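Peer 1: Listed here are the chains, written in short residue letters.
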Amino acid sequence: MLVDLIQQLFNGLVIGSIYTLVALGLTIIFGILGIAHFAHGSVAMFGGYLTFFFIQSLGIGLFPSMALAMVAGALLGVILERVAYHPVRNAPPINAFIIALGLTLIIEKSNLILFGVDQVIIPTGFDRVFEIGGVTFPELRVYILVIAAVLVIALTILIQKTWMGMAVRAVAQNRPAAILMGINVDAVSMFVFGLSSALGVAAGVLVGALFAVAPGVSSGLVVKGFAVLILGGLGSIPGAIIGGLLLGVSETFATAFISSAYKDVIAFLLMIGVLLFKPEGLMRRSATR
Amino acid sequence: MNRFWKLAMAGALAITAPAAHAADKVLTIGVSDALSGGGAVYGEPQRRAINLAIEQINGNGGIAVGDDTYTLETIEYDDKADPTEATNVARKLIDRDGVKYLMGYCCSASTGAVASIIGREDVIMLVGTAGARAITAAGNDNVFRTRPPGDYTGAAAGRFIYDQGVRRLGVVATRDVALFTQYRDALVEAFKEAGGEVVAVETFGGQDRDMTAQLTKVRGLDPDGYFISGYVEQVAFAYRQAHELGITAPRFGFSGGSAEQFLAVASKEAMEGVWDLIAIEFNAEALGDNAKAYAKAYEERWGDYPTPNSAFAHDQVWVLKHALENAGTTELGAVKEALRNLTVPSEVVLEYLPVDGQMFDPKGQAYISNGAFQFHDGDWEFKTKLPSDAAGYSAYFQTIRK
Amino acid sequence: MLTVTDVRISYGQAEVVHGVSFAVEEGECVALIGPNGAGKSTILKAICGLLRPSAGDIVFDGRSVAGLPGHEVARRGIAMCPEGRQMFPEMTVMENLKLGAYRRRSESITPEIDEMMELFPRLRERSTQMAGTLSGGEQEMVAIARALMAKPKLCIFDEPSLGIAPKVVDEIEETLIKIKGLGVTILLVEQAVSMALRVADRAYVLEAGEVVTAGTSQEMSNDPRVQSAYLGA
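Protein chains in written order, with this note's numbering: chain A, 113 to 401; chain B, 27 to 428; chain C, 9 to 241.
One chain only, chain A, in its complex shape (with noise of 0.2 angstroms):
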């Protein structure tokens, strides 16, 4: 039974670190943009199709191709914040809601010309199976709780250690003091939308390594990155970082101690538990957003 629950632990920590990763990106453009920026997973299919792009036609390695791909992903950010949000920053809220939904739409078909309808696994190598007194560990699983965690290491120092990350918080805090503080509020937009990107397109890859970059993949991945928004507070990187590891492990244990039946009901009781009981998410006031 130990042995079982251990198993279950690391199944719903790989998925749930993978979750995290997309509502990172999710929760910081949120923050400083006000935006729902639906086309995010979308975003992180490209990187992931481009990695697989890399390897099979460069012949270049995983990690390379990945490093690449998040480069472009950040470009690709960074244009998508210029050309599509950029001109629509003072006007109503609706106006970028339908422009993200649009993005959505481009984006999935953008993929679908360029890379296919068939799904592509992104080919790592790491198939060998660690097991420790009955609880298996795959070696591809570790490595994508390692990468996952790195990059969240990486990224809650760069935010909360760097002039850059004082900047970003600042923004998402209070943007007139910001600008009062000699900020650039449009050069910290564009640097949030190309980290927030290239944070997505590594989620799309270790996806694509683990499961499959497939049309139909992106939006699950945002229905989850916005759960997890609003279970760990929007605008919240320590509940981001919380809630994908609380929706992955709470899905897993729904399936060992309730039913397989309810494993995605589940995301949807614990955001309506959150929102009667603790309506500002689980990490809205606490220290950093």
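Careful, some of the hints might be misleading.
[Said to hold, decoys possible] Not everything, but these chain C residues come out facing chain A in the computed CB check (under 7 angstroms):
id : residue
1  : Ala-82
2  : Glu-98
3  : Arg-113
[Unchecked claim] Below 30 angstroms or equal to it, Euclidean Cα-Cα: the simulated BS3-like pairs (lysine-lysine) are:
id : chain 1 : residue 1 : chain 2 : residue 2
4  : B       : Lys-389   : B       : Lys-118
5  : C       : Lys-53    : C       : Lys-159
6  : C       : Lys-161   : A       : Lys-273
7  : B       : Lys-428   : B       : Lys-389
8  : C       : Lys-159   : A       : Lys-273
9  : B       : Lys-389   : B       : Lys-362
These aren't lab readings, by the way, just hints derived from the structure by calculation. None of these values were measured; they are calculated from a predicted model. Think of the CB as a built atom: it goes at the ideal place given N, C-alpha and C, for glycine as much as any other residue.
For this one, chain A is given, so just place chains B and C on it according to the hints.
Peer 2: For chains B and C alone, coordinates are given in the frame of chain A:
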């Protein structure tokens, strides 16, 4: 060309062609199938198989019906596997083209829509690959289908798994596709009836690719066999993850995917020893000489190897030929009667299991043999036929409506 | 140092500042006083680049800053201690101070931090506390310190006494005088006119978007109109 000129030319040919029978007639078959879009991978091969069989029959002197000799021709429409489109096509074929015999029908949703209205029409509908149980379970006396429902195979699979020595079965299966759930329910029931215990039934949804939580849970209950079913893509992930979780007990499945499809997701090692328990559609390895001849003829005619499902439509043409000959008329009532009393024709490709000596049971449903295929060294190998019970299933099938 | 010439500002169709001119010389402390709605804050926003004037010019340090984006104005050396303190509420006091020095982020800012902690000893105790959890007076100190962290050529204080407990207002007054003593050029906007006139060298009185009178603090204190309207004499 208008009808007058067609008749005139036919008349002229009849007069001028010295070897022709005195009363050569043409019987038009309406073909409705998915010829474009996602369903075309099933529909287009059916269309080709129907044309191949018709060319063979016409080439061998046509069909002797009473004193007349008929040759067959087709009018073909693309129903795009879409229910609305398929209903429109049916109306066009019946009302405008005046067709009495409908064929094709690869996909469940479109075929189901047509089947639900066809009982009121003066036509005979010969369904190929479409799998939804209700198409024949509804009990229209003018619908005949070669492809058996999924749960018929499921029951045979349940008995087979028990015969393999499994006593405690863990099930991980898709939750929302009727074909798979009906199969699974029948499998569970047959397995229990044989004396086995099902320790858990865990499910996954249409977009899931992570079944580790379900597999871990079932693994904890320590079954001595697993049954995994759903679309290939998802089942392949389940096999991969089962391997990662160190599951070594026998794994049985129902998905019907090719080795290539599975290996795109799971490694050879993860797939080694996995069973797929499916109706034996066209498979030259598992079936006899007819199948090999069919494959050769199809390849010569169309330049492609036939798809497994194409034989369902191919066989329907031969079914119609024999029914017409037996009836001795093209009058629908008599042909229906002949279809109902038909013994399995010698020319068919698939291996039909007659019920009470007849190819079609009272609801117009035919049954074929089921097979166990096992993954070995990177490919599927045909191992054995499943203990199918066509008569038993048919008796149950008469009692349900959907 | 700062010369505002005939500036007009509109919100949409409505003009709220109708050709205002004034100047702040280096080392001076100038007060802009007047009732609520006179357009004081609007003029400050225009100086800081948050609003674009519809006419007139704002010259700072010899170059026009009218219509420059806000962060550019800040980089030129104008710091603002805004009305309502405008904390970064979920950052520590220390982080708030550091952000004040954002335009000098390539330099070492440790000496300035120490200087501010000396100026406001209470902030030293509070340095790891979230700014949003401080009292109004403490937040005002953070806001003032944050503005000074920029080592600005011109420091603007917008209603520093607004919404602050009366006892603390005296502290703020002392602080402003101390800052003035450091040689910082100050533009002070205040409704607490008597306090403003005690701190400032010169003052402009603004009413309904226009400068109605101006002079040294002494002259203004003695002006009967100012006395009756603002000093309750």
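Peer 1: Now, for every hint given, state plainly whether the structure supports it.
Peer 2: Consistency of the hints with the structure:
1. Ala-82: Cβ of Ala-82 of chain C sits 3 angstroms from chain A, so the hint holds.
2. Glu-98: With Cβ-Cβ at 5 angstroms, under 7 angstroms, it holds.
3. Arg-113: holds (5 angstroms)
4. B:Lys-389 to B:Lys-118: Holds, because 26 angstroms separates the two Cα atoms, which is no more than 30 angstroms.
5. C:Lys-53 to C:Lys-159: Status holds; Cα separation ~20 angstroms.
6. C:Lys-161 to A:Lys-273: Status holds; Cα separation ~28 angstroms.
7. B:Lys-428 to B:Lys-389: holds (12 angstroms)
8. C:Lys-159 to A:Lys-273: holds (22 angstroms)
9. B:Lys-389 to B:Lys-362: holds (11 angstroms)
In the structure shown, no violation is registered for any of the earlier numbered hints.
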